[in-house]
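Asks: Residue-level listing of the chains:
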Amino acid sequence: MGKDLFEISVNGIKLILIFLMMVQAVPILVWLERRGSAFIQNRFGPNRVGPLGLVQLLADAVKFLNKEDFAPDKAVKTLFYAAPIFALIPATLAFCAIPMSVPLTIGEYTFRIQGYDMNIGIVFILGVSSLAAYTILMAGWGSGNKFSLLGALRASAQIISYELALGLSIVGIIMLYGTFNLTEMVNAQQGLLQFTALGHTVQTSWLPNWGIFYQPLAAIIFFAATFAESNRLPFDLAEGEAELVAGFHVEYGGFKMLMFFIGEYGHMMLASALMVTFFFGGYLIPYATPETVHSWVHATLIESPVGANILTTLLHFISFNIKFAVFLWIFIQVRWTLPRFRYDQLMDLGWKTMLPWALGNTIATAAVIYFVA
Amino acid sequence: MTPDIFLFWLLTIVTLGGGLAVILMTNPIYSALALVFTMVGIASFFITLGAYFIAGVQLIVYAGAVMVLFVMVLMLFDLKTEIAAFTRGLFTGALKIFSVGVMGGLIVGAIMMSAGSLDENIAKVNPEIEASMSPDAPTKLLGQALFSRHIFGFEALGVLLLVIAVGTVALSRSRGGTHAKQ
Amino acid sequence: MLNSEVFLDIGLNHYLIVAALLFSMGMAGVLLRRNVIVILMSIELMLNAVNLTLIAFGKFTNNVDGQIMVFFVMTIAAAEAAVGLSIAVTIFKKFREVNIRFFEHLKG
Amino acid sequence: MIQDKNFIKEADVPLGGVIFLAVFIAIFGYILILLARFIGGRRKNNSSIKRDVYECGIPGQEKKDTKVSVKFYLTAILFILFDIEIIFLYPWSLTFREFISSGSGGPIFFSMMIFLGIFIFGLFWEVKSKALEWH
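Residue numbers (the working numbering), protein chains in the order written: chain Z, 1 to 373; chain E, 1 to 182; chain P, 1 to 108; chain V, 1 to 135.
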């Protein structure tokens, strides 16, 4: 956790900052979603409160705080209150393992712009995000309502089935990079696209060396599976159908409901950050490696070495955030363009199409690596 | 009092507390959630013991899949807090607790007795892992051992999993199924 | 006895004792509880205690076979839980209440 | 300067950070709920109808336990079994390139293809035996 007290405290504050960043990003994402959906449906969306309706979300948060803290009689109190608290934990723990920028060296300390660097990055993220099924089961059972129990069982069955396809698509990525550690993966995506086939290497001049060009099918399966993991449309069967009204969080109101939203958006952010790290070169600037960026900055913009370090880290952080925002927008865009699945279509898609395709992708990658590369 | 020693004692309290809660809770759903807590505690123990991949597998397989099955089954057949959670009869209960205590004492005694028998000259840290620079060295070691010496066991497990899959489907389709034709 | 040396450097014995305590808790659970599903959970607890011992020996003798053994134990434990629970479910359907004494009425 | 390799070795898996973050979020969430309860409005109307189970307005007819289909726990069991088969793929995919470069890639590749063959046969049998039929 760090050599001395100063580094430990910096790491601790960094963890808290990343968690607060995620909690703060939820109102912005909700605002983006409401404006985006309004734009698609040719209406205005929130624009009364403050400029362009930005303060609307703050007003909503305060309104939620003022709501009466209500729990139905039949509710199992401890589970009813434990579920929203537990909703925040898995997404944040997994999000903190994602490298957001080049490590920053100031004096003799080197800080990593990520919560903690795991040498089993992907396996830790998969393990922690598989704990998300418990918050749904606790909420379904805790609210004592027959419909919420049914909604919770359906939602967790859906999350479970798509975790298989998620796990299998990740196998293709591990074979490609040969490591679990996310920082090593991002470093492996530097420079221009080149690969060796049957002995001679092929070098393209304009394609960056991103993962999407090696594993397009794994990217598609991974992206679709993460939609199902975060219960986003078109997979939000849990609260979408007529008779289930709001699925497992039907009995929740006020701030507890907002915490479930934070959990759902946390999973959405985790999914888009993983897409960026696996397939779109993480924090790398497309045609430049961190060393060239550092030397360019050192030569042209700032003389002092510490300043150059900070600026390179900042540039890489901005490039990570641009790609991150693109994927968040795609998540929101898909919600307002695709219709919802029926439940048996949803499960059939998970078990009978995505799982075999992910298996096929694994076998094809292994065959290519074994016979060709 | 370096951090990882404090961590060990914190994990001991969490895991043993969770283990006790699994047994003593009358409501089976609370004992299932306590078992999830214990699984996560044991996964953290694996991390302090340097078996990182196994900790990840424990999180995914046990805490993320097996326990979800337990909680789901308990919720499907909503078992209220049962009155007769523990075996009837004070004497037989005391006898059982006594026998468990004797067994536990014997094991702990055996451990204390054999304290020094493990020869001390084994390197504190695995030399191969220390030598290689890549962060995945411990897992690579595991993978190489698994696929070089234990291939037969690995294939046998594949067949075992197939047998279990076929078995549980057949078992669930027995006359008891709610949708089965009575 | 409680000198600081026992508390400060964590050796193999500490992990073994924790695993032994977990194992005895699992065994007590199996003996004392009447609900079939809680008995299955206690068996899972005992298997996890065995995993902990295997990994502890693996670390302190620098041998990776302990981890492979844990791999196999996990697979068997998960398979056992799956089969055990499907038996418990078929019982629940017949007798509407899951209790250990109904096992005698199973045919075949 | 930017990317020195041995930096990663310092703490392979910072468990302390993970536990600290988990505990912090639990406390943060608990404080949020207490805050909402403290600031939330007083219970003006606390009638039993309001506290009844929500059934789209119709007063709740029957107790909580229902007849729920067997499909849910069957999916969970199949998930465990196929998840373990995926877990075996992880160390294999990690060491696949080392085995090829060290010359003995053949047996590893074909043994995994047998394993995947069993996996596919199991999945095929599940699909054919209508175990996952969500009618």
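Just so you know, the hints here were simulated from the structure itself, not pulled from any lab data. It cannot be assumed that every hint is accurate.
[Unchecked claim] Computed spacing ranges between beta-carbons, pair by pair:
no., chain 1, residue 1, chain 2, residue 2, range
1, E, Ile151, Z, Glu303, 52 to 62 Å
2, Z, Leu17, E, Arg149, 39 to 49 Å
3, Z, Ala364, E, Val102, 39 to 49 Å
4, Z, Gln194, V, Gly106, 23 to 33 Å
5, Z, Pro216, E, Ala110, 19 to 29 Å
6, E, Val166, Z, Met257, 41 to 51 Å
7, Z, Glu291, V, Ser101, 51 to 61 Å
8, V, Ser101, Z, Tyr287, 24 to 34 Å
9, E, Ala110, P, Glu5, 45 to 55 Å
10, Z, Tyr287, P, Gly11, 48 to 58 Å
11, E, Arg149, V, Leu34, 49 to 59 Å
[As the list claims (entries may be wrong)] Capping the alpha-carbon separation at 27 Å, the derived lysine-lysine pairs in DSSO-like fashion look like this:
no., chain 1, residue 1, chain 2, residue 2
12, Z, Lys67, Z, Lys146
13, V, Lys130, Z, Lys352
14, Z, Lys77, Z, Lys67
15, Z, Lys146, Z, Lys74
16, P, Lys59, V, Lys130
17, P, Lys94, Z, Lys146
18, P, Lys59, V, Lys128
19, Z, Lys77, Z, Lys146
20, Z, Lys146, P, Lys93
21, V, Lys128, Z, Lys146
22, Z, Lys74, P, Lys93
23, V, Lys130, P, Lys94
24, Z, Lys63, Z, Lys77
Backbone N, C-alpha and C define an ideal beta-carbon position, used for all residues, glycine too.
Asks: Is the hinted range of 39 to 49 Å satisfied by the C-beta distance from Z/Leu17 to E/Arg149?
Replies: Taking Cβ atoms as reference, Z/Leu17 and E/Arg149 lie about 46 Å apart, which means the hint holds.
Asks: For the pair supplied as a hint, V/Lys128 and Z/Lys146, is the alpha-carbon distance within the 27 Å limit?
Replies: 32 Å, violated
Asks: Can the suggested window of 45 to 55 Å be confirmed for the beta-carbon pair E/Ala110 and P/Glu5?
Replies: Hint violated: Cβ distance 21 Å, outside 45 to 55 Å.
Asks: Would you mind confirming whether the straight-line C-alpha gap from V/Lys130 to P/Lys94 stays at or under 27 Å?
Replies: Holds. V/Lys130 to P/Lys94 sits at ~23 Å (cutoff 27 Å).
Asks: P/Lys94 and Z/Lys146: Cα distance at most 27 Å?
Replies: 22 Å, holds
Asks: CB of Z/Ala364 to CB of E/Val102, is that within 39 to 49 Å?
Replies: 58 Å, violated
Asks: Between Z/Gln194 and V/Gly106, is the Cβ distance one that fits in 23 to 33 Å?
Replies: 27 Å, holds
Asks: Just to be sure I understand the hint, the distance between the Cβ atoms of Z/Tyr287 and P/Gly11 should be within 48 to 58 Å; is that true here?
Replies: 53 Å, holds
Asks: So the hint says 24 to 34 Å: do the beta-carbon atoms of V/Ser101 and Z/Tyr287 match that?
Replies: Given range 24 to 34 Å: holds, Cβ gap about 30 Å.
Asks: Given a hint of 19 to 29 Å, does the C-beta separation of Z/Pro216 and E/Ala110 actually sit inside it?
Replies: 57 Å, violated
Asks: Look at the Cβ atoms of E/Val166 and Z/Met257 and judge whether their distance stays inside 41 to 51 Å.
Replies: Holds: the Cβ-Cβ distance is about 43 Å, inside 41 to 51 Å.
Asks: Lying within 49 to 59 Å: is that true of the beta-carbon distance E/Arg149 to V/Leu34?
Replies: For E/Arg149 and V/Leu34 the Cβ distance comes to about 56 Å; the hint holds.
In this structure, the hints that do not hold are numbers 3, 5, 7, 9, 16, 18, 21, in rising order.
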